[in-house]
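Could you put the whole structure together from the sequences, leaning on the hints where they help?
Protein chains in written order, with our numbering: chain A, 470 to 923; chain B, 67 to 1012.
In case anyone wonders, no lab produced these hints; they're calculated from the structure. Any given hint could turn out to be false.
What the hints assert, rightly or not - Computed beta-carbon distance windows for the label pairs:
{"no.": "1", "chain 1": "B", "residue 1": "SER267", "chain 2": "A", "residue 2": "SER491", "range": "47 to 53 Å"}
{"no.": "2", "chain 1": "A", "residue 1": "VAL923", "chain 2": "B", "residue 2": "ASP385", "range": "40 to 46 Å"}
{"no.": "3", "chain 1": "B", "residue 1": "SER531", "chain 2": "A", "residue 2": "PRO484", "range": "56 to 62 Å"}
{"no.": "4", "chain 1": "A", "residue 1": "PRO918", "chain 2": "B", "residue 2": "ASP325", "range": "52 to 58 Å"}
{"no.": "5", "chain 1": "A", "residue 1": "THR481", "chain 2": "B", "residue 2": "GLY502", "range": "26 to 32 Å"}
{"no.": "6", "chain 1": "A", "residue 1": "PRO484", "chain 2": "B", "residue 2": "PRO369", "range": "45 to 51 Å"}
{"no.": "7", "chain 1": "B", "residue 1": "GLY502", "chain 2": "A", "residue 2": "PRO918", "range": "16 to 22 Å"}
{"no.": "8", "chain 1": "A", "residue 1": "ARG625", "chain 2": "B", "residue 2": "GLU231", "range": "57 to 63 Å"}
{"no.": "9", "chain 1": "B", "residue 1": "ALA969", "chain 2": "A", "residue 2": "PRO918", "range": "56 to 62 Å"}
{"no.": "10", "chain 1": "A", "residue 1": "VAL923", "chain 2": "B", "residue 2": "SER531", "range": "36 to 42 Å"}
{"no.": "11", "chain 1": "B", "residue 1": "HIS337", "chain 2": "A", "residue 2": "PRO918", "range": "51 to 57 Å"}
Unchecked claim - Stretch by stretch, here's where chain A covers chain B in the computed footprint (C-beta under 8 Å, at least three residues):
{"no.": "12", "segment": "211-219"}
{"no.": "13", "segment": "622-628"}
Because the structure is a prediction, the values reported are computed rather than measured. Ideal Cβ positions, reconstructed from N, Cα and C, are used throughout, including at glycine.
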Amino acid sequence: MKRNAARGTTATMAPILEERKSSIMTADGCGGAGIACDKVSVSGSVSQRACAYCGARVVLNPITNACHIIHGPIGCSSYTWDIRGSLTSGEDLFRHSFCTDMRETDIIFGGEKKLIASIDEAVEALHPKVIFVYATCIVGIIGDDVHQVCADAEERHGIRVIPVQAPGFSGTKSTGYRLGGQAIMDLIGSNPFPRERAHGVNILGDFNLAGETWIVKGYCAHLGIDVVTGITGDASVEGLMRAPEAKVNVVQCAGSMSALAETMETELDIPFIKVSFYGIEDTTSSLVRMAEALGDERVVRATRDFCSEETRKLEPLIARYTPLLAGKRAAIYVGGGFKAISLIRQFREFGIETVMVGTQTGRPEDYDVIRSLVNPGCVILDDANPAELERFMVEKGADILVGGVKERPLAYKLGVAFCDHNHERKHPLAGYVGVRNFAEEINSSMNSPVWRYV
Amino acid sequence: MPASHASKLIKPEGALVDLNVNPCKMCMPMGTSQAVYGIRACMEILHGSQGCATYIRRHMATHYNEPIDIASSSLTEQGAVYGGKANLFKGIDNLIRLYNPGVIAVCTTCMADTIGEDVPGMLNLWRDEHPESEATLIAVSSPGYAGTQFEGWFRFLHALVSQVEVAKPSNNETSPSSRQRPLVNIITGPTSPADMRWIKSLVGRFDVDAIFLPDISDNLDGARSPKYNRLSTSGTDIADVARMSQAQATIELATFIPDDYSPAAYLHKHHGVPYTRLNLPVGLRDIDAFIAEFARISGDPVPTDLTAARGRYLDAMIDSHKYNAEGRAVVFGEPDFCYAVCRMCVEEGIVPVVVATGSRCPGFAEAIEPMVAELASAFLVDGFDVVDDADFGDIERLAVKRGANIMVGSSDGRRIEAKCGIPLVRCEFPIHDHVGGQRVRTMGYEGSLMLLDTITNSLLQRKTSTFRAAIRDEFYEGPGPTVASPSQMEHSSDAPSSSVPSAVPAARIHPCFEDACPATARIHLPVAPVCNISCNYCVRRFDCPNESRPGVVTKVLSPQEALERYLLARTRVESLDVVGIAGPGDALANWEQVRETLRLIRAVDESVLFCLSTNGLLLPRYADELIELGVTHVTVTMNAVDPIVGAQIYRQVTLDHITYTGEAAAAVLLSNQIAGIKYLTSRGILVKVNCVLIEGVNDRHIDAVAAMAAELGATMANIMPMIPVPGSPFGNRPLVKNSTVRSTRERCEQYLPQMRHCHQCRADAIGKLGEDVRALFDEKPEGAVRHQVAGIAEEDPNRRVVDAPRDGSTASHPQKRVPHVSRVAVASRGGMLVDQHFGHAKAFLIYETDGQEVRYRDRRVLKNYCSGSSDCDEHEQTDEAYKRVLEAIGDCDAVVSLRIGEAPRKMLCASGILPIATCETVEDAVREAHAERLATQGSPPLDASC
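Here is the structure:
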């Protein structure tokens, strides 16, 4: 069943805002100036990005037995309550949203008293190991001394109460990632573990969405690679505290965790490697690289064997799906650069060309790689808005969009299939098992009979 | 007299006062954003930081399944300090460029109000600067801390009617006939698009000229169209808003709206338009009132089909009332929604035992308590709670306390639904986990009936799926809590009336514990290889024969693999409701693995049923943990209740590193089995006792086993013939006759129900009893991977690769190399891809390849080769930099980087190192470098080819 992309749907092309032009480019092989990125969003452009607070929440939220208190008005708490599919093997305190629910009087008279009372109440009722206190926009403005409140609470209760000063306006989501990483360093401390006794790896930047951390840990267990802790997928406070013991940090979602990995390298003497478990090729090279970084020849060999066996097992799958998928055109709009890069390559495994690719928080290096990877003519965007996504999906005749929840209805309105490579996914897309799920998902959306009727 | 708690100030015990636990409300800008979608060609810009707009867009997009575009003025720290005027103006300009909206709602967030932004003043300034603009700008003060989405919705509408310039009544454009049609404003609170469509079609039946404010019916539930419009094409026209002051009447569908921002009150006060406030048209009385109001205004009679629809609704109410009389409802959401649903419930005889709104709402309890109290008295329900300013921490606690059996609200109640087993009817914003939020109907006779039927059917579903077990448990199995599930015990103590089913999870069916093979499928996860007893009918080499067919070896899975197997099975096997651990050894002898497996699976599936099989030796030790993990069905193999008989069956029993033999072994096992079974059944766990019938050993003893099992509270016995396994001590015994098995079972029936459909499954069986579908999983030969790993482990354990040096020293460079192996330096930030410029590399990863295998050697750190253009101008520094690079990677054959400048390229070539620019994966790039090197070998010196 062949079909034309964006069939049956026309759209009025919106103009590109002047300020946005430098963040949009057409791939032309290598060379030329880079794309403008890693900047604050343009006012009124309808950016798809969230805020700094969101970034910090993303990074810290999966710590399962921590109490996350949002010091601010209710919206910040309501919109981040249990919306990410991070799974837990232990406690599920993190799936609750605790908030000081600031009202008008708190704005006028300050929210410190309420925060103090809230922390006391949380300690008494929940006995958490650690409390993270997120300072939201208004807290940053009315000047509550969150640091002092947390320091006093630590003394009073004898547990860690860690302030996360990430008011939404303080930067982009990337700023929040960095601040979340700082809070983790605050928790785990900066005393290096004796290197000669270091063992195993930490897995950074996998948040155990749909159990993906477990899949990676499962591979590691099978291959004899010791995983100290996920940071922060299915992490417990106790597990995190052992993070300094790791020999190597393995960084999966580079966008959110690069800063932390770098800090851990400087302060804790833990080198890091970047990996991606999306797609056969990346999963294999990541596992091999992990094994090599640990330096045990037997593990390396076992890993190579395991990977070629797993790859071989997927060959029939690729062979079955490729005729259904080859020649289609993909559009990608995701959070970070590393995922976009993996997706371009994963689509290629099925003979699908990427015609539009953008990210919310990609860095210049990510875009360098993307430029080199895609075919000439592919549109590359940083911090895009709906009008641009609409324009380029239609213009480039995309058959499928990979994106976040907000982008899904737009794709459907344009007659474009959709892949939920986002925090809401309910099936894993990582590892070898993820390849199967990815193939099933993109095929079932692109080759759905519903498009016959539009 | 029923008691009720009315306010958070006197919160019941256990509630948190300062901390909001799981909010049952959103903030004002959510309400403004929803109402904005009821105005044609209107766009919203939220004045504040970027996240507010994005979060609201996500929330609305998942509920309505429509693209939601909301702009933000994207305030930053600078804005926070110096004010956000520049950002706001730029935002408005950009919004006009991108969308060209007719109306722009500028709504404030917490941040804008806190830094004291004068938005109305700024908008005046903007209008002065843009006299040519036709856009209508509306300023809305909607800081998140000052109210919920409910207030936000009305604040926007109030701003609209008070800021849109009033149209002058024109005399020439209306014909005499249309002049007679009364103009009516219909202002609605938060509704679903489908309900809004119903309101419009109903009003259309009467001879009135109606203005609906707002009208979200099409914009938030759009039809498929060949043309996509970014800007809303339906909704209330701003020109109609301008005409509202000329209406003969306003009907405001809202109950708890303060006059301060009631659009109807505004129109009345400033333009003399009389208004009527009606409850949302949900439930018989309020729908009647709504229709009657239009009949009154228009002078038309009520259309007969509406009368007929009313009759059908009433008829259905009567048909369902007895089922619904068992309903003890939790109603939560916005104040008006709660009020409307409560009115509907009490008409039907469903007792709203908990009514909770997240908004702070004066008058809420006073309005709702009397109606609930009246019904509660009639039905002898002892207590209920009506609370405003509530969170889900309160709602969960009260729901359990009041023995609720149904919840009506948004999908935010889903966690209580899962945890407490109270079904949730989703009919209020937001609905994130189901589809159809935009199509939910609650209004009008058909809409209310749809909601009522959904509630009734949820109650019926509970009833029909639980009554058999519940009645059997109460009257057949004997009294007391011994057979109730733990959650039943927990909740029933507080239940208002014994005839009302309390919050019990829906009954679930286990294929082995039913009296025939039901449609339920199960998966056995072979995670337990070790056994702690030796039976004479068993050969250790094979799986335990009492659960599995003889001579079978199962590939043992790790907990991770088991999880994967389960996840895969779930996608391929229908009604896979049971996960079982049945060996191949004893489940409890492998407790770590079993526990981990169950935990992993529980984390991804809250409802699947857990069972396990054991010889019972370790039951007393792990019973509590089993129950905690949610294991509900346990099978204990008990072949004897007399140590003398047992001694003939068990060779040895190992407990805590002590091995017992003979009668001691049998006695140790037996005492633990008895203690374990007794404890489990007292905690409500269903226990099946398996008994292997061995002719000449325990065949005359089975009756005693069954009697003991019954006494211990077991639910069922499964008497199985021993299958002689060659090589076992009992290997040469004859097969037990079917007739013997049959007669033994018949005799034992007097003690316990007998399982007669046992298939003696494998430890890794998948599917329904009797139809193992393992083949679907197309497994490779058992244990292949395992053997590979084992093979490797047997190699010389001292062979290790030297650790990569981290200090960048070049001392450890391997000296000699095989000529056909290339050593390649790679510029890569992390090692996945070649993703770094040569000049930016702080370190190189060193790889070796023979063209096939690519092997990582080490990492060489160097000071940045290029740290800026000024450096590069200096020859000396450049030379110094070259030297450093060559020191680090001089022994390499090639360097791979994303890009490389001309000067360094020449330098490398001159040193005999091949520079390659690529963006491949490291492996491919290294192979490419190797191939290139081979290709250039034998050709003239490298710099010629460079």
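These are the hints, each one checked on the structure:
no. : hint                             : in the structure
1   : SER267/B to SER491/A: 47 to 53 Å : 50 Å, holds
2   : VAL923/A to ASP385/B: 40 to 46 Å : 41 Å, holds
3   : SER531/B to PRO484/A: 56 to 62 Å : 58 Å, holds
4   : PRO918/A to ASP325/B: 52 to 58 Å : 54 Å, holds
5   : THR481/A to GLY502/B: 26 to 32 Å : 30 Å, holds
6   : PRO484/A to PRO369/B: 45 to 51 Å : 50 Å, holds
7   : GLY502/B to PRO918/A: 16 to 22 Å : 21 Å, holds
8   : ARG625/A to GLU231/B: 57 to 63 Å : 58 Å, holds
9   : ALA969/B to PRO918/A: 56 to 62 Å : 59 Å, holds
10  : VAL923/A to SER531/B: 36 to 42 Å : 40 Å, holds
11  : HIS337/B to PRO918/A: 51 to 57 Å : 54 Å, holds
12  : 211-219                          : holds (count 3)
13  : 622-628                          : holds (count 3)
Going through the hint list in order, the structure satisfies each hint without exception.
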